[in-house]
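Student: Model the placement of chain W on the given structure of chain U, informed by the hints.
Number of protein chains: 2
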Amino acid sequence: MSEKRVYFFGAGEADGSASDRKLLGGKGANLAEMTRMGLPVPPGFTVTTEVCNEFYRAGEKLPPGLSDEMLAAMARLEKLMDAKFGDNNNPLLVSVRSGSAFSMPGMMDTILNLGLNDKAVQGLAERADPRFAYDSYRRLIAMYGDVVLGVGADSHDHDPFDEAIAAKRRAHGVEHDHELGPDALKELVDEYKAIVEQATKTPFPQDPKVQLLGATSAVFKSWFNDRADTYRRINNIPGDLGTAVNIQAMVFGNMGPDCGTGVAFTRDPSDGTKRFYGEYLMNAQGEDVVAGIRTPLPINDSGGDSTDPSVTLEQRLPGLYRELDEIRHRLETHYKDMQDLEFTIQKDKLFLLQTRNGKRTAAAAVRIAVDFVHEGLIDKKEAIRRVTPAHVDQLLHPMLDPKATRQVVAKGLPASPGAATGKVVFSSEEAAERGARGESVILLRVETSPEDVAGMHHSSGVLTSRGGMTSHAAVVARGMGKPCVVGCAELTVNYELQQAESRGQIIKADETITIDGASGEVMMGEVATVQAGGSVQFDELMGWVDEVRRLKVRTNADTPNDAATARKFGAEGIGLCRTEHMFFEASRITAMREMIMAESEVGRRAALSKLAPMQRSDFEGIFKAMDGLPVTIRLLDPPLHEFLPHGDSEMEALAAVLSRDPDALKAKAAQLHEFNPMLGLRGCRLGIKHPEIYEMQTRAILEAAVIVQQAGVHVLPEIMVPLVSTWEELAKARELIERTAERVFEEQQKRVEFQIGTMIEIPRAALTADEIAAHADFFSFGTNDLTQMTFGISRDDAGSFLSDYVETGILPSEPFETIDIKGVGFLVNWARERGRSVKPRLKVGICGEHGGEPNSVDFCHRVGLDYVSCSPFRVPVARLAAAQASLREED
Amino acid sequence: MSEKRVYFFGAGEADGSASDRKLLGGKGANLAEMTRMGLPVPPGFTVTTEVCNEFYRAGEKLPPGLSDEMLAAMARLEKLMDAKFGDNNNPLLVSVRSGSAFSMPGMMDTILNLGLNDKAVQGLAERADPRFAYDSYRRLIAMYGDVVLGVGADSHDHDPFDEAIAAKRRAHGVEHDHELGPDALKELVDEYKAIVEQATKTPFPQDPKVQLLGATSAVFKSWFNDRADTYRRINNIPGDLGTAVNIQAMVFGNMGPDCGTGVAFTRDPSDGTKRFYGEYLMNAQGEDVVAGIRTPLPINDSGGDSTDPSVTLEQRLPGLYRELDEIRHRLETHYKDMQDLEFTIQKDKLFLLQTRNGKRTAAAAVRIAVDFVHEGLIDKKEAIRRVTPAHVDQLLHPMLDPKATRQVVAKGLPASPGAATGKVVFSSEEAAERGARGESVILLRVETSPEDVAGMHHSSGVLTSRGGMTSHAAVVARGMGKPCVVGCAELTVNYELQQAESRGQIIKADETITIDGASGEVMMGEVATVQAGGSVQFDELMGWVDEVRRLKVRTNADTPNDAATARKFGAEGIGLCRTEHMFFEASRITAMREMIMAESEVGRRAALSKLAPMQRSDFEGIFKAMDGLPVTIRLLDPPLHEFLPHGDSEMEALAAVLSRDPDALKAKAAQLHEFNPMLGLRGCRLGIKHPEIYEMQTRAILEAAVIVQQAGVHVLPEIMVPLVSTWEELAKARELIERTAERVFEEQQKRVEFQIGTMIEIPRAALTADEIAAHADFFSFGTNDLTQMTFGISRDDAGSFLSDYVETGILPSEPFETIDIKGVGFLVNWARERGRSVKPRLKVGICGEHGGEPNSVDFCHRVGLDYVSCSPFRVPVARLAAAQASLREED
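Going down the list, the sequences are from chains U and W. For what it's worth, numbering that gives the first Met the number 0 labels the leading residue of the first sequence as 0, then goes sequentially. For what it's worth, numbering that gives the first Met the number 0 labels the leading residue of the second sequence as 0, then goes sequentially.
Errors might be hidden in some of the hints.
The list treats identical chains as one, so a pair stands whether inside a single copy or across any two.
[To be verified] Here are the computed lysine-lysine pairs in the DSS-like style, where the Cα-Cα straight-line distance is at most 25 Å:
id, residue 1, residue 2
1, Lys842, Lys200
2, Lys78, Lys208
3, Lys185, Lys3
4, Lys688, Lys410
5, Lys346, Lys623
6, Lys507, Lys667
By construction, these hints were calculated from the structure, which means they are not laboratory data. Remember, predicted model here, so these are calculated numbers, not experimental data.
So that you can see chain U by itself, here it is in the shape it has in the complex (with noise of 0.2 Å):
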């Protein structure tokens, strides 16, 4: 632990440096910097994180000592600053505020002013301007009574301070609190004072010394205050690393029409062009350009806009603004980032309060890292590590307008991102039908299952009152990049009256509403969006990504289009293709079926070789897709009953198409039924129990691959069985394979080089992957499915309380999110040890939803795994997570 509590900046000095962030916070790091490098910063002194951890140690007591080190910089400022802290005549205001590691924007206390008492305010009044002096005074009761002494804690609907001054205009007949003269301003002072003694019993601290170790104390406990709380949560902070607390001199815009303040952006942070950005406003504070009571001005004209160029701080005070100017290139090229800096003037004289890395939109990060580059002040792999793969994915959808209103009636989980408007449509059925003529529709059912697929392809957007963020719709509409909320639990939908019921709200059928994929959000009406999208930049960056990563990108696709799409995404090949999806489409569920209700093994070969021509012509066009790269194909995984109609009359109508009666049929779907299908038969569980399925696959790809061959395509196909568990169903399944293409290859007089392998997504398949290895070319990790059996949690039932255990901490995140280290990936880990030790060369990669997710697919890169696997819109976040992955490595 450090032994320097306060650490001192001001006047070209400091104690302090950028390198000091843990311990000083990001802001006391920063003015530290500034203050070094000779800008002009008012100075100050930080109090240590340690210091704050010592204070919850002690049991929320500031530690004994600390308070003379605080006194003693005070002196020092005092000397610097010409004035003196709590003196009648020439009194030194400081601000207080906190400042950690992590930015936490506004979840934690600020208190401005401090220093001010009854004598203090009319030396003030005196040296500078009565309404300014009362109107500081009263600004700082109000906090330090609201910060510090609880006042009005215990009601969140009224402030008793807001309910004075409210009555003060009233009583002055303005409507705005600035409109207020001095006199009032001193009145309310007196309210004000009266309010606190009420409250606490006590009167309000007149003695500086108690306001700053009070504001302190207060700093620290806004640490672990509920806002804060929930926001390191969200944002994974450790709790354990406290906040500092900023004691810096008060500079003030708001003391005359000399005086103004400001916020300003190194670049465009909307677009990330390399321009001068930033708002002002004279005679001003802080807290005003961020109220929006008055609408501040341009700093220049850079934008082009129709301002009037007269009013921008270039004009007015143009020395003034080179010195800024000139602070925003030093900045930039010092912290070797855009930055966000504040700004007060004072007198016509420039201070700056802070300066952080600035907020941008993905566009704006992705050409700021680039052109950084190009400018020499980063390298390549800098630039790789600034842009988020929450940027990428932003990029490559459409998101609504942030200027527009929006009237939010509920909130799901943002499953698949973009944002999309639409007429509410509550059946498959109709969705298919309406979008298929071109109407946008959005499709919102309590969940969809495999039916729904042509419905949902249909519409423009998704949404379900049911499931999570691998429930059947999530994982459906992110492969076919559709925006999709699920897990809407405040709607309730009733399918009888064609209805959804949310906030009291009715949402009819027919009603245009607007989904936001990426926020969760379902609006009311059109809510209008912008169309996002790649960019010269973004290419360049994305071939940056693909010199660092290690990790190969594979997509999962189960269509030729899709497949392409992917590959234009950057995609190295097929991961996961999934036969099953092939057979919903209208002109072959009907062999499916026929096939599912067939009483023999002769009964399935028949309806089997109706569906074999066009499972081969699906992977012709998927093998000339995906030419050169290899392309994983899953035989028949999902339980049978899956594929049949419900209710009786579609039953009945399937018995006319076939040619079988009714009750025999509705007799042959009973006896299919199963209570826990995710763990019933499916997968090579069917394909041994009926070989002549996994035949036909295995005849349909071998052939397509054939002919593609044939036709000059280079053609890799690797054959996956899954839900093994025992190595032996893989031999058994291996058997059936390698016998099948013998007769094709010798039929066909051609060979194909192929592959076969295995998911790797029950627990017991991981812990006995040696075994199985020995049977394997290749793994390819099924860990939505690896999440579900090692959890025991089924995730289109997770909703009713898998969010409340991330929300209450049982779990650090949803594990079908991002994938769980300590159980599914030490099983992932595992596995892959134990496959390798067998054969060396063993490839292994994964395929569940987690391939597309950063945190995830860092984990994949951690383990040593070949490739990650995703939906076509997740490559490009995939692979600049990968190359992050590999980054983070080196370092």
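Tutor: Below, chain W without anything else, positioned relative to chain U:
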């Protein structure tokens, strides 16, 4: 590998001995041993099991040089027997029999009378008797034709030799083969030879050496016939052991009135009484005794039955009987086990053809083992090894009278042993009502659910058409010690018509049927049963068992009654008390449903407060029954929807009782529906979502504990949290339990010592057991669920493929029956080790169904668990299995 291929025995000397069982097979080793003992064994020689493996390695060819070795042995035999193999006048005849290390009765082939041909038969006819000679020859031709030459092997329906002899019987107007005269048999010889020649295009081999080598090959080949394969798989006998071939001089019990044959047990195999028990027939061959055409006679009158004593062997041939009785004692003393021996009398001379450990009933096994200890033949540990867990299981359940005839109409899985007869009832309500009135009913359902528990309780037996060995019906019935057959797929149940169908037979409601839970058979009508039970010897044996075992045995019991039963059977505590079973009683289910249907915590608490006193009084009863022993109580585990009524009318009835809107209730029920309930909102997930449930249960447990403790009962409650997958869940539940406990103790002004632990039944919990152990006082492996999750197999849905898996060797055994050591066992061992690495004295047990299965108990012993817990009726089985595991470890 042994160099020696042929082991001779004869005239008091033998190359092998009883210890050569692996090399010579059981039969060969015992023939050698008996020869060494100086017993009258016809001489012969054994070709080793290693030759069998050589035979297969060489592509089913006898190894070079073997023929010479065999003929050399044959020459020794000729010398001893003073006859010549293939001689026309004085032919030496031999038998050729298989014999492997493990007894595989009737699975492989035997050929008798080898050495006869057209010439030798004449010589034999002259020396002995023409009828005998031609009968022997025709038997040889038929056996050899069938076994060696494969005549008739292409047809299952007709055997050409049988058809020929049947025609001959008709032609001579006789009923039985032995009524055919020498001429008829001579004709038959010619006809048999023609059959062979027609089928094989070659005459029946006249060269005895060719016969010998052909027969030897045929016996080797029979090692891999289908019957033998199946038998080995079922009995877990490795295929690479191979069979030996025993060639032995024939002796004849059918050469005249001074000849005979018999079988005997050294003690009564049905009850174990120390009396010489056997049957014989004069002028007969061994197969005649077995075939049952003539009724064999008792060898003595020790049975005290009404047979005329003059017909006993003891009366008829007292000298020979004395010789046999002396041999009996020598064999028992020598082999130190009850023997089953075969003898033949040829011309008043006694020959022993075989001895082996005799099969016996459970009662006999126990009695013989205990008597042997008292007689000083074996020690107590050996007695424990001699009794199998299956014997103990059998002893504790009534069984079908083996002598009763039965009309089997279907066969399912033997889920819970014992036989039961009753009228078929298709609904649980009806079963409960009629059963409560004292009627004997069999509940026949497609499947059972917790709603059926009351009906099952009042039925004499339970029969289901679906589900496996650990389905609900199986588990609950086993817990109740009630006969149960499950997964009887032949049965088609039609609730509407109130009937079931199997094998073309309709079983209507009210029809009387009998089920045998030990065999899985379902029979029409009543089949007589015999009551089994313990004995003085059994109690003595179990006393020894308890001295030897290290593993404790607890019981799974949910009621004071079950607890008392289990304690009587030797349970040392309750390992699993499932609180939910208490909620299904009619008086409680309504309050339970009210709780489930409540729309708020307040509503739930109101309903729970009705349940609380009932739970408390249950626990009081259980604690009293288990005075001084630990009682592990699992908090609520199943998903709530399991407690709801099905069907609209039941739901409306519930709405009326609860004064609620039926539609609201239906909507709530629909909301609770889950796609995969096994993986849904259950276990501690429920307790965390609705803490008031676990709070009520904790209260009921500890209030009951305080009450009975005050009444002088020594109470040791262990509260168990189910379905934990992260330590955070357990920590949260623990905190709730501890907080509630403190409140109870404060209210009651009394404390009770108790523990808090968890089920390990989710793979992730096992993998992260070190973290979980930090919050647990004990672990209890729920291997039912752990098996489900580890394999990804729902036991309720496994019926469609799991039995095929076992049958085709994909799995060595049903993993819900015998613990899967590679996967589930790995997790058990891993979790135990990790848990104890954090808490060296962590108590670790198992409470899945495996806790009562002997192989699994052995595993639990080996990995060092503290206890197993099983249903009350399996407690003695587990005690024995635990003792045997200890002994196995010693060995």
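Student: Each hint: holds or not?
Tutor: Hint-by-hint comparison with the structure:
1. Lys842 <-> Lys200: Intra 73 Å, inter 57 Å, cutoff 25 Å: neither.
2. Lys78 <-> Lys208: Cα proximity of Lys78 and Lys208: one copy only (17 Å, versus 124 Å across).
3. Lys185 <-> Lys3: neither (41 Å within a copy, 119 Å between copies)
4. Lys688 <-> Lys410: between (44 Å within a copy, 21 Å between copies)
5. Lys346 <-> Lys623: Cα proximity of Lys346 and Lys623: none, with 71 Å in one copy and 87 Å across.
6. Lys507 <-> Lys667: between (37 Å within a copy, 22 Å between copies)
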